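Trainee: Residue numbers (our numbering), protein chains in the order written: chain G, 1 to 139; chain Z, 1 to 139; chain H, 1 to 139; chain Y, 1 to 139.
Keep in mind the hints are simulated off the structure, nothing from the lab.
Keep in mind it's a predicted model, so treat the numbers as computed, not measured.
Yeah, the Cβ is synthetic: ideal placement off N, Cα and C, and Gly gets one too.
Take the hints with a grain of salt, since some may be wrong.
Claimed, not checked - If the Cβ cut is set under 7 Å, some of the chain Z residues that face chain H in the computed set are:
(1) R8
(2) Y11
(3) T14
(4) D15
(5) Y21
(6) Y69
(7) T88
(8) A131
Claimed, not checked - Listed next, the stretches of chain Y that the computed footprint assigns to chain G, with coverage defined by at least 3 CB atoms under 8 Å from CB atoms of chain G:
(9) 18 to 27
(10) 112 to 120
Said to hold, decoys possible - Chain H regions said to be covered by chain Z (calculated; three or more residues, Cβ under 8 Å):
(11) 7 to 14
(12) 69 to 81
There are 4 protein chains.
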Amino acid sequence: MPTTTELRVRYSETDKMGVVYYANYLVWCEVSRTESIRQQGDSYREWEEQGFALAVSDARIRYHRSARYDDLVRIDTYLTEVQSRSVTYEYRMTLAASGELLVTAATSLIAIAPNGRPIRLPAAIRERLNAMREAPPAR
Amino acid sequence: MPTTTELRVRYSETDKMGVVYYANYLVWCEVSRTESIRQQGDSYREWEEQGFALAVSDARIRYHRSARYDDLVRIDTYLTEVQSRSVTYEYRMTLAASGELLVTAATSLIAIAPNGRPIRLPAAIRERLNAMREAPPAR
Amino acid sequence: MPTTTELRVRYSETDKMGVVYYANYLVWCEVSRTESIRQQGDSYREWEEQGFALAVSDARIRYHRSARYDDLVRIDTYLTEVQSRSVTYEYRMTLAASGELLVTAATSLIAIAPNGRPIRLPAAIRERLNAMREAPPAR
Amino acid sequence: MPTTTELRVRYSETDKMGVVYYANYLVWCEVSRTESIRQQGDSYREWEEQGFALAVSDARIRYHRSARYDDLVRIDTYLTEVQSRSVTYEYRMTLAASGELLVTAATSLIAIAPNGRPIRLPAAIRERLNAMREAPPAR
Chain G
1 MPTTTELRVR YSETDKMGVV YYANYLVWCE VSRTESIRQQ GDSYREWEEQ GFALAVSDAR
61 IRYHRSARYD DLVRIDTYLT EVQSRSVTYE YRMTLAASGE LLVTAATSLI AIAPNGRPIR
121 LPAAIRERLN AMREAPPAR
Chain Z
1 MPTTTELRVR YSETDKMGVV YYANYLVWCE VSRTESIRQQ GDSYREWEEQ GFALAVSDAR
61 IRYHRSARYD DLVRIDTYLT EVQSRSVTYE YRMTLAASGE LLVTAATSLI AIAPNGRPIR
121 LPAAIRERLN AMREAPPAR
Chain H
1 MPTTTELRVR YSETDKMGVV YYANYLVWCE VSRTESIRQQ GDSYREWEEQ GFALAVSDAR
61 IRYHRSARYD DLVRIDTYLT EVQSRSVTYE YRMTLAASGE LLVTAATSLI AIAPNGRPIR
121 LPAAIRERLN AMREAPPAR
Chain Y
1 MPTTTELRVR YSETDKMGVV YYANYLVWCE VSRTESIRQQ GDSYREWEEQ GFALAVSDAR
61 IRYHRSARYD DLVRIDTYLT EVQSRSVTYE YRMTLAASGE LLVTAATSLI AIAPNGRPIR
121 LPAAIRERLN AMREAPPAR
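Bound conformation, chain G alone (with noise of 0.2 Å):
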């Protein structure tokens, strides 16, 4: 089961195309890895203050629908690779109201120091991301 978070489209998230300016679903991407970390226990926040972190290496968005103003958005997050030095998520956004679908992204995220340099998975939250994984969503 994906993890599921629900948000609101701010009006400083629209564009004078009465949308959703589409870099704004990259934001989305982010703000559901933090509460997909969270709903498992796990705190994003903490393994930032540890010394780890993630950085996006590759990201890719499609785009079938565009949210608008107040619109209360559902974001399904999907890990679905956890690999030595990297990982994967997937996310499918649907208007909570209708099902509609919005957008589908993926995005590879690798593990570095404070520093910047790659790192491997601390063996520990590695196992707890492991923990979090599922198959990618049907297409």
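With chain G fixed as given, assemble chains Z, H and Y onto it according to the hints.
Mentor: Positioned in the frame of chain G, the structure of chains Z, H and Y alone reads:
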């Protein structure tokens, strides 16, 4: 020859990791599209005022190195495909001072009317876009 | 009694100083206005769809302490003035966990038509807003 | 003479009202501060690298007219006060093409150390800032 835009990293574009937040590179892609069209003597703003818009349908970004506050970033922008209903841009972002590679990205955009419906590229605009077409950057 | 909204600080809202970038508190003011109106059973989105909007004419913020990534922030929102053409909101933002004061702010907003022209508050909306009016927060 | 910065309004900076979202003017204040310091031959980035930062303690903005996508905006920046622990900047933003007034703003900033503690302005930086001081803009 691609068109080239330079911009200076803003404090607001950084995050607590000390580097540019990953969604902001998509903002820069859009800035470079606007500037690329202006450099060819056209105006995306006027296209929109005439009832023609381009909406991103797909975006892909690879993050190689992080930009930092006050860095001068160079964006080479390549319009690599012009089809009857869509166009594709590719981007190569480097540090202006050193030439180090920051990001490569590609976005596909579809032509839409003010009501959001997909349309064919108007003939005059398609001709102008064709004149801007480039070979993609070497890998 | 003011209305109260809570939100979680996003990674994108931080800057290289490690704290929330100062302009984002104005985004949160707007989020809290939308939520305040919703909590009273109205909808700012619907007001705009009916041709009535509120545009900020003046903003003032005092920064007391910085919010950080993943902090839960509480925003108490006070609609303190309702006039024929404008309204004033005041805000008090605190850390939800400790009650420590982050920011106090005030914004004045004027009623405008879809073309941007200042108008009088429609009678029905003015009545609704009057019902939401509060004494300002104690200093 | 104030220092002057020009910037082009980005699509991402607009909102569904078709104009620049109100919080973004604070971003532009910061851009103009950075550029103002650079124009005097100094570098705010280097000041931060040396362990000295300026954090905004108070901001005030009056919104006169809205900037729109692709407008060229001129920002006149006035460093109007330099005290032992704080400085004040005032801003006057106009449309570069017509000179129409968009926004006036003022921000006070306090000197802080890397740990966030308020400090006195280092003597060398205070001297540099004093050399940049201006009379405030005429009302």
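Trainee: Indicate, hint by hint, whether the structure satisfies it.
Mentor: Status of each hint after checking the structure:
1. R8: The hint is violated - R8/Z has no Cβ within 7 Å of chain H, the shortest such distance being about 15 Å.
2. Y11: holds (6 Å)
3. T14: Since the shortest Cβ distance to chain H is 4 Å, the answer is holds.
4. D15: This hint holds: D15/Z lies near chain H, its Cβ roughly 5 Å from the closest one there, short of 7 Å.
5. Y21: Cβ of Y21/Z sits 5 Å from chain H, so the hint holds.
6. Y69: holds (6 Å)
7. T88: violated (27 Å)
8. A131: violated (36 Å)
9. 18 to 27: holds (count 4)
10. 112 to 120: It is violated: at least three residues are needed, and the stretch 112 to 120 of chain Y offers just 0 whose Cβ sits closer than 8 Å to chain G.
11. 7 to 14: holds (count 3)
12. 69 to 81: Check failed, 1 qualifying residues.
Of the numbered hints given earlier, the model fails hints 1, 7, 8, 10 and 12; all others are met.
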